[in-house]
Amino acid sequence: MLGTGLIKGMAQTAKNFVGSYQGPERLVTVQYPEERLAPKENARNFPFLVFDGDDAQKGLRCVACQICEKECPPKCIYINKSKDKKPDYIGKPQFYPATFDIDISVCMSCQICVEVCPFDAIKMDKVFELSTTDRFEALLLHKTELAKPNEYFQELHPTEAAEIDTRFAEEKLKAEAKAKADAEAKAKAAAIAAAPKPEPAPVDGSIPTPVAPKTI
Amino acid sequence: MSFSNSGNTGGETVIPSSDSPSLNGVTAAIDFDEPQKSYSLLPKQNSEVPGELLEVAMGPHHPSTHGVFRMDVVLDGERIVKLKPVFGYLHRNHEKIAEGTSYLGSIPYTDRLDYLCSMSNNWGYALTVEKLSGFQVPERAEYIRVIMAELTRLVNHICLVGFLMQDMGAMGTPLMYAFREREKILDLFEAASGARMMCNYLRFGGVRCDLPKGWLDEARKVVENFPRFLDEFEALLSGNEILIARAQGVGVLGKELAVNAGITGPMLRACGVNYDIRKVDKYGIYDRFDFRVPLGEHGDVFDRYMVRVLEMRESLKILKAALRDIPEGLIVDAKAKSRGLRPKVGEAYGRIEGPKGELGFYLISDGSANPYRYRVRPPSLINLTILEDMCLGLTIADAVIILGSVDIVLGEVDR
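Residue numbers (my numbering), protein chains in the order written: chain A, 1 to 216; chain B, 1001 to 1415.
Just so you know, the hints here were simulated from the structure itself, not pulled from any lab data. It is possible that part of the hints are untrue.
Under the rule of at most 30 angstroms between Cα atoms (straight-line distance), these lysine-lysine pairs were calculated in the DSBU-like manner [as the list claims (entries may be wrong)]:
#	chain 1	residue 1	chain 2	residue 2
1	A	Lys-15	B	Lys-1184
2	A	Lys-172	B	Lys-1337
3	A	Lys-126	B	Lys-1337
4	B	Lys-1344	A	Lys-75
5	B	Lys-1255	A	Lys-15
6	B	Lys-1096	A	Lys-75
7	B	Lys-1317	A	Lys-15
8	A	Lys-174	B	Lys-1335
9	B	Lys-1337	A	Lys-70
10	B	Lys-1213	A	Lys-148
Some chain B residues well away from chain A (every beta-carbon gap over 12 angstroms; in silico) [claimed, not checked]:
#	residue
11	His-1061
12	Val-1086
13	Gln-1136
14	Arg-1196
15	Arg-1203
16	Arg-1208
17	Glu-1256
18	Pro-1327
19	Lys-1335
20	Arg-1342
Okay, the calculated beta carbon distance ranges per label pair [claimed, not checked]:
#	chain 1	residue 1	chain 2	residue 2	range
21	A	Pro-158	B	Tyr-1372	41 to 51 angstroms
22	B	Lys-1255	A	Pro-39	27 to 37 angstroms
23	B	Asn-1093	A	Lys-186	51 to 61 angstroms
24	A	Asn-80	B	Asn-1093	51 to 61 angstroms
25	B	Leu-1090	A	His-142	28 to 38 angstroms
26	B	Arg-1313	A	Lys-8	14 to 24 angstroms
27	B	Glu-1224	A	Ser-105	52 to 62 angstroms
28	A	Asn-80	B	Ser-1368	52 to 62 angstroms
29	B	Trp-1215	A	Tyr-21	28 to 38 angstroms
30	B	Leu-1090	A	Ala-98	34 to 44 angstroms
31	A	Pro-24	B	Gly-1169	29 to 39 angstroms
Glycine residues also receive a C-beta, built at the ideal position from the N, C-alpha and C atoms.
All chains should be modelled from the sequences, with the hints used to inform the complete structure.
The structure is reproduced here in C-alpha cells:
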C-alpha cells in the first residue's frame, strides 16, 4: 500500500525522538561550553616544548638539532641554533635553540615533529580553544609561549610520559655511574702514574730477551 | 513523466533525443579560422525550436555540490541538454608538493585527499611505498589496517547516504542519524591515532603506534551496535515511497559505459559488474576474510544507495572477524624506517579498494629522499567523468541526486 514506507519511517523518527530522552545511545551530544568531554589520551592538536625543572628556558630539552624543522611537511617550524652550549639533564653540554618559533596558522597537527625528535623535547598539546583576533603575530608561537613543564606533559599523556621519565632516570643514573667510574679510573691512573714503577722481573731462559726499555 | 531519454540499454553515449536538432549542430566540424565570439556552452540555436535554451552555472558555491564544484548546465525548460562539470577550485598542488617532500612527509597530505577516509588513503600510499622498498608488514599491523579501513568504509558510506538523502530533500534527519553513528567511529579513530579525521596513522611497514588499552573492546561494542542502527536506517529509508520515486530509474549507467570509462567502486558494482579489488588483488590479508560483494542490477541511483548499505553489512562481517582474530605482536617492521627513507631506483603502483573506488598511487623513485614522480589515481575524479551521460534528459533536481550518488569528495577530485 502506498504510504506504508512513510509511516514506518515516521515510527523510526518517533522512536529516536523519544529514545533521545532516555539514554546516551541516541543522544550523544553534550552542552559544550559548560559540559566538556574528557580528551582522549592520544589526542593531539599543536606541538609544545617540554622543559624539566623550574626554569622554562634553561630546562628545555630541545638541543636545536633542527630535525623537526627539516621533516615538518608544511615547514612551519623556525629554529636558530645558539652559539654557546649549556648542560642538559645528564650534564652533557648541548646547544639550545636561540629562537624556536612555530607558526600554528600553518601547522597541520600531523605529529611528525614529535615522531622524529630523538630527545623527546617536542610533544603534542591538547588545547584547542585558540581563537584570536590577530592572525599573524598571535599565531606565531615563540619559545616562551611554547615551553611547558614536564608535569603538564605527564598530565596530558601519562603513559608516554611515565615511559620517557623512567628512561631518562635510567640514562641519568648510567651517566652518573659512568662519570663516577671515569673519575675513579682517572684518579687510579693518576695514582699509578704518580707511583714509581717496579723493575721488570728478570726473565728465566737461555735466549736473551730483547732489551726491555727502561722507564724511569 | 518519462525517463526515456536516459533509459538507454547498453552503454552507447547518450544522445538526448533525435528530435532536438539543436544538439546536432555540435557535431559539425569546428572552423578554426572563424574567431570565437565568446565562451558559451549553448549549442547553436535552431529557429524551429520553440523557446530558448538556458545556461546555468550551478555552483561553485551551491549546497548540493558537496564542496566547490560547478556544473555548467544547459536547460531546455527543466530538462538538461548539456552538462559540463568544472572543477579545480580546490586544487592544492598535492602531487607536486609530494615530489618536494620526503616519503614520510607525504602521509599527512594523503589524509587530506579524501578527507572522510584518511585511513584508507594512508593505506594506499603506504602499500605503494612498501612495494617500492620491500618492507614486510607484521601480522598485528595488517589486522589493524583492515579494521581501520573497514571502519572508514562505514564512515564514508554512512555519510554518503546521509548526504544523498539531504540532496533529495530529507532535510537533516537521516544525515543527523548518520553523523551520530559516525561520531562513535571517529571517537575510535581519535583514541587510536590522536585525530578524528586527519589520522596520519599508518607508516611504511606497519602503523605508527599500538592500539591503546581497551580500544579493541570499545571497537567490538561499536561494531556490535552498528547493525541495529543499520536496520533502523533501512526501515527509515529503503521502503520510503518518496525515495523510491526519486531514485529508481534515475541516472542509469550502463555496464559497458561504466567499464569503458574506468568507473570503480560501488558505482561500478551498482551496474552489476563484479569487481572489487579486495577480491581481485587480495592486498593485505583480505583473502582471510569471508565476505561477499553486493551487486546492483540497474545501475540507477537506488541501486547505488542499496549497494552501499549492503556493503556496510559486509564490512561489519569483516570487522567482526578481524576484531576476533587480531593477534599480539609487533606493529611495525623492524627493518622499516620512515625518516630518511631512500628506496632503490624503481617504480611502483599500489592500489586499494577505497570506499569510493580504486584508489591508486604511482611512485617513481630515483634513489633520492623524494619521489621523482608521485601520482594519485583518485576514484572520485574518474567516477565523475560520466556525469553528463547519466544526467542528459533528466531534470536539474535529478542531476543533484545523481551527483550525490556518485560520491565525490572535492579534496580528492582536485587534489
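Here's how the hints hold up against the structure:
1. Lys-15(A) - Lys-1184(B): Within the cut-off at roughly 20 angstroms; holds.
2. Lys-172(A) - Lys-1337(B): holds (28 angstroms)
3. Lys-126(A) - Lys-1337(B): holds (28 angstroms)
4. Lys-1344(B) - Lys-75(A): holds (26 angstroms)
5. Lys-1255(B) - Lys-15(A): violated (40 angstroms)
6. Lys-1096(B) - Lys-75(A): With Cα atoms ~15 angstroms apart, Lys-1096(B) and Lys-75(A) stay inside 30 angstroms; holds.
7. Lys-1317(B) - Lys-15(A): holds (27 angstroms)
8. Lys-174(A) - Lys-1335(B): Roughly 28 angstroms separates the two Cα atoms, so the pair holds.
9. Lys-1337(B) - Lys-70(A): holds (17 angstroms)
10. Lys-1213(B) - Lys-148(A): holds (27 angstroms)
11. His-1061: holds (23 angstroms)
12. Val-1086: Answer for Val-1086(B): holds, closest chain A Cβ roughly 28 angstroms.
13. Gln-1136: holds (21 angstroms)
14. Arg-1196: violated (9 angstroms)
15. Arg-1203: violated (9 angstroms)
16. Arg-1208: violated (7 angstroms)
17. Glu-1256: holds (33 angstroms)
18. Pro-1327: Answer for Pro-1327(B): holds, closest chain A Cβ roughly 22 angstroms.
19. Lys-1335: holds (18 angstroms)
20. Arg-1342: The claim holds: Arg-1342(B) sits with its nearest Cβ about 14 angstroms from chain A, beyond 12 angstroms.
21. Pro-158(A) - Tyr-1372(B): 41 to 51 angstroms: holds (44 angstroms)
22. Lys-1255(B) - Pro-39(A): 27 to 37 angstroms: Once the Cβ atoms are compared, 49 angstroms apart, the range 27 to 37 angstroms for Pro-39(A) and Lys-1255(B) is violated.
23. Asn-1093(B) - Lys-186(A): 51 to 61 angstroms: holds (59 angstroms)
24. Asn-80(A) - Asn-1093(B): 51 to 61 angstroms: violated (29 angstroms)
25. Leu-1090(B) - His-142(A): 28 to 38 angstroms: holds (33 angstroms)
26. Arg-1313(B) - Lys-8(A): 14 to 24 angstroms: Distance hint for Arg-1313(B), Lys-8(A) holds at roughly 19 angstroms.
27. Glu-1224(B) - Ser-105(A): 52 to 62 angstroms: Given about 42 angstroms between the Cβ atoms, the range is violated.
28. Asn-80(A) - Ser-1368(B): 52 to 62 angstroms: Hint violated: Cβ distance 28 angstroms, outside 52 to 62 angstroms.
29. Trp-1215(B) - Tyr-21(A): 28 to 38 angstroms: holds (30 angstroms)
30. Leu-1090(B) - Ala-98(A): 34 to 44 angstroms: holds (39 angstroms)
31. Pro-24(A) - Gly-1169(B): 29 to 39 angstroms: holds (30 angstroms)
The structure fails hints 5, 14, 15, 16, 22, 24, 27 and 28 (numbered hints given earlier, in ascending order).
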